[in-house]
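Engineer: Okay, here's what each chain looks like letter by letter:
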Amino acid sequence: MRLAIASGKGGTGKTTIAANLALTLAGKGKTVQLLDCDVEEPNCHIFLKPEIEKAAPVTVLIPEVIEETCTGCGICADVCEFKAIAVIKGKVLIFRELCHSCGACKLFCPEDAFLEVPREVGIIEEGKANGVRFIHGLLNIGELMSPAVIHGVKEAADEADIAILDSPPGTSCPVIAAVKDADFVLLVTEPTPFGLNDLELAVGMVRKLDIPFAVAINRSDIGNEDVKEYCGREGIEIVLEIPNDRRIAEAYSRGEVVIHALPEYQKTFETCWTKITGLHENGLQAKQQVKTATGR
Amino acid sequence: MRIAVTTTGPSLDDQVEARFGRAPYYLFVDTETMEVEAVQNPNVAAGGGAGIQSAQMISDHGVQQVLTGNCGPNAFQVFSAAGIQVKVGVSGIARQAVEQFKAGAFTATNQPNVADHHGMGGVGQGRGMGMGRNRRS
Numbered sequence: 006m007r008l009a010i011a012s013g014k015g016g017t018g019k020t021t022i023a024a025n026l027a028l029t030l031a032g033k034g035k036t037v038q039l040l041d042c043d044v045e046e047p048n049c050h051i052f053l054k055p056e057i058e059k060a061a062p063v064t065v066l067i068p069e070v071i072e073e074t075c076t077g078c079g080i081c082a083d084v085c086e087f088k089a090i091a092v093i094k095g096k097v098l099i100f101r102e103l104c105h106s107c108g109a110c111k112l113f114c115p116e117d118a119f120l121e122v123p124r125e126v127g128i129i130e131e132g133k134a135n136g137v138r139f140i141h142g143l144l145n146i147g148e149l150m151s152p153a154v155i156h157g158v159k160e161a162a163d164e165a166d167i168a169i170l171d172s173p174p175g176t177s178c179p180v181i182a183a184v185k186d187a188d189f190v191l192l193v194t195e196p197t198p199f200g201l202n203d204l205e206l207a208v209g210m211v212r213k214l215d216i217p218f219a220v221a222i223n224r225s226d227i228g229n230e231d232v233k234e235y236c237g238r239e240g241i242e243i244v245l246e247i248p249n250d251r252r253i254a255e256a257y258s259r260g261e262v263v264i265h266a267l268p269e270y271q272k273t274f275e276t277c278w279t280k281i282t283g284l285h286e287n288g289l290q291a292k293q294q295v296k297t298a299t300g301r
Numbered sequence: 002m003r004i005a006v007t008t009t010g011p012s013l014d015d016q017v018e019a020r021f022g023r024a025p026y027y028l029f030v031d032t033e034t035m036e037v038e039a040v041q042n043p044n045v046a047a048g049g050g051a052g053i054q055s056a057q058m059i060s061d062h063g064v065q066q067v068l069t070g071n072c073g074p075n076a077f078q079v080f081s082a083a084g085i086q087v088k089v090g091v092s093g094i095a096r097q098a099v100e101q102f103k104a105g106a107f108t109a110t111n112q113p114n115v116a117d118h119h120g121m122g123g124v125g126q127g128r129g130m131g132m133g134r135n136r137r138s
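Sequences listed follow chains A and B, in order. Going by our numbering, the first residue of the first sequence is number 6, and it counts up by one from there. Going by our numbering, the first residue of the second sequence is number 2, and it counts up by one from there.
Just so you know, the hints here were simulated from the structure itself, not pulled from any lab data. A couple of the hints might just be wrong.
[Stated by the list, open to error] Now the in silico label distances, taken between C-beta atoms and shown as ranges:
#1 A:Leu267 with B:Thr110: 52 to 60 angstroms
#2 A:Gly240 with B:Asp61: 51 to 59 angstroms
#3 A:Glu86 with B:Asp61: 17 to 25 angstroms
#4 A:Asn48 with B:Ala116: 48 to 56 angstroms
#5 A:Ala60 with B:Ala116: 22 to 30 angstroms
#6 B:Gly90 with A:Lys185: 44 to 52 angstroms
[Said to hold, decoys possible] Simulated pairs of lysine-lysine, DSSO-like, Cα-Cα distance not exceeding 27 angstroms:
#7 B:Lys88 with A:Lys94
#8 A:Lys96 with B:Lys88
#9 A:Lys96 with A:Lys111
#10 A:Lys272 with A:Lys54
#11 A:Lys35 with A:Lys111
#12 A:Lys159 with A:Lys33
All figures in this text were calculated on a predicted structure; none of them were measured in a lab. Cβ coordinates follow ideal geometry from the N, Cα and C atoms, glycine included.
With the hints as constraints, model all of the structure from the sequences given.
Structural biologist: Laid out in structure tokens, this is it:
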């Protein structure tokens, strides 16, 4: 089971939920991996405090022009979807940080004047903490290609019972890279107009990706009822509600996980997990029934 | 001499635009005749690489000088390769800027004066509580 914790809005509590779920499940004897896919600002390590045992660079391939072969025709600049190449006075300029490693320049070059060379854009670190296998990625400062590092984090994972992915916020490419092949997505929000607006965007994203999902409401006793009403209208299950408990904020500010500082919340996360696995299994059964009914 | 000025509108009576890559207009000015060709910038809302694209377009127009407010490293690199001089820190009415240029008021910069993505208006920078990142990469 690969569960991605995502949210349209930043600062809703993805990391809090990911870290607490991972530790709760590990405490119950499950094999758990926590993958911090927010490679621009990873922060799960602050709460898990893992011992890093292994680090490996993430590289992407970028083009390099062979000047003797290049005729300066400019086709590479024309085909570059990401504007990473300019051809000025017959000279090819490559803007490496804009390159998405798509390979179009090399593919379309009529003179075969491109080499592809690896370039480091970040690192993957792995370790252990409280029975949880921990992996996170760190995008190098100034780099833009977070999806490459996110893929690196996911490739470093193995077939554990449970993998929990802490996704970046929003609905853009890095988020898609993180949640794409998850079995289930938990969308974290808060009961405010901003929370609802960004939840609707995130729901649109996971529906398009066709991944089953449910909602968690953090600081659930503030704001208004609009998020709940929206979920009711849309038939979306709310599997977790965390109250606006000052003690949680205090624990957070000390870098402590909720279930350690406030053990009474362990039950909350256990129940959340039971609900998620239930929804996931129902979903699988429903799919099976459709397959049987349609004979596919 | 043919020069380019980044502006907010299509005439010499418009203001010099401080952002290079995302300036609404580029005016190509013949400094002898003061004849103007205005080109609307297609890269105003580009996801990334606006400076590079705009610098390439300006290079293709055969200018020798560029007057603008700020120029980042990518656009600057294109201009260096093209042998085009960049005058940064230019502001006010475009016509006056051209006159000042003709009087020798500006010196060319030999390095970019702002970091990349300077003119993106906070997109992708103000991340954190209350705001998801929305830069597409």
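Engineer: Each of the hints needs a verdict: does it hold here or not?
Structural biologist: Okay, the hints, checked on the actual structure:
no.	hint	result
1	A:Leu267 with B:Thr110: 52 to 60 angstroms	57 angstroms, holds
2	A:Gly240 with B:Asp61: 51 to 59 angstroms	55 angstroms, holds
3	A:Glu86 with B:Asp61: 17 to 25 angstroms	20 angstroms, holds
4	A:Asn48 with B:Ala116: 48 to 56 angstroms	25 angstroms, violated
5	A:Ala60 with B:Ala116: 22 to 30 angstroms	29 angstroms, holds
6	B:Gly90 with A:Lys185: 44 to 52 angstroms	46 angstroms, holds
7	B:Lys88 with A:Lys94	21 angstroms, holds
8	A:Lys96 with B:Lys88	23 angstroms, holds
9	A:Lys96 with A:Lys111	16 angstroms, holds
10	A:Lys272 with A:Lys54	23 angstroms, holds
11	A:Lys35 with A:Lys111	47 angstroms, violated
12	A:Lys159 with A:Lys33	24 angstroms, holds
The structure fails to meet hints 4, 11 from the earlier list, while all remaining hints are met.
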